[in-house]
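Enquirer: Quick note on the numbering used here: the sequence shown kicks off at 60 and runs consecutively.
Calculated directly from the structure, the hints in this document are not laboratory data.
Glycine included, C-beta positions come from ideal geometry on N, C-alpha and C.
Hints are not guaranteed to be accurate.
Quick list of the computed label-pair ranges, beta carbon to beta carbon [unchecked claim]:
| id | residue 1 | residue 2 | range |
| --- | --- | --- | --- |
| 1 | Phe156 | Ser215 | 17 to 27 Å |
| 2 | Trp139 | Glu178 | 45 to 55 Å |
| 3 | Asn170 | Ile223 | 18 to 28 Å |
| 4 | Ser188 | Gly212 | 27 to 37 Å |
| 5 | Phe156 | Leu214 | 32 to 42 Å |
| 6 | Gly177 | Pro137 | 47 to 57 Å |
| 7 | Arg141 | Ile201 | 44 to 54 Å |
| 8 | Phe87 | Leu218 | 12 to 22 Å |
| 9 | Leu77 | Met143 | 21 to 31 Å |
| 10 | Pro137 | Glu178 | 15 to 25 Å |
| 11 | Ser215 | Leu115 | 37 to 47 Å |
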Amino acid sequence: MRKKDPNFNLTARILHWLMACMIFCMLFIGAFMMTSLDNRPWLIDLHRPLGFAIFLLLIIRFINRIINPQPPLPNHTPSWQRLMANATHWFMYILIFCLPLVGWAMLSSGNYPIILFGEVELPAITPVSPTWYAYLRTSHSILAWTLFIIVLGHLSMALLHALIYQDGVLTSIVKGKKKVKIEESTKFEDEPS
60 MRKKDPNFNL
70 TARILHWLMA
80 CMIFCMLFIG
90 AFMMTSLDNR
100 PWLIDLHRPL
110 GFAIFLLLII
120 RFINRIINPQ
130 PPLPNHTPSW
140 QRLMANATHW
150 FMYILIFCLP
160 LVGWAMLSSG
170 NYPIILFGEV
180 ELPAITPVSP
190 TWYAYLRTSH
200 SILAWTLFII
210 VLGHLSMALL
220 HALIYQDGVL
230 TSIVKGKKKV
240 KIEESTKFED
250 EPS
């Protein structure tokens, strides 16, 4: 493996923001599917291929993360926050990986076709079973709500780093360059008080 770069590479930044937009849309599409019978058919038609695309992008993102490790957090970050940040990122990856698979298994067990686009259809990965369909549907919902909560926490920490710490963590995923806040002790001596 190469030495850790202090910034996210271009591929990581593109995948991060593309997947963030797609996941945000997916969570709301999923919620609206449950509340609107009129819009449910076209939302489902959108939900399935979008979930599959997120799954494929996650695999690419995971490969990129192995090749280009995530930049280290600033030195001032307490060890417990480093541990939580690392655990949260991996937990998000696991959720993003599992959600499409559970959705695929759910639809397979419910004997629903999984049409990606046109005539392209995914094969069933589980036998037809109303019992398993019910379990998997509940699991899919729980995983989606869990991801939503984790995403809110992730967003909160990003804003904390950007607005309070001003340590360049958010900048490194937005622009690729960390911009560190100038400390009081490094200001020019002849600045007016």
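Enquirer: Broken hints, numbered, in rising order?
Expert: The structure conflicts with hints 3, 5, 7, 10, 11, although it agrees with all the remaining ones.
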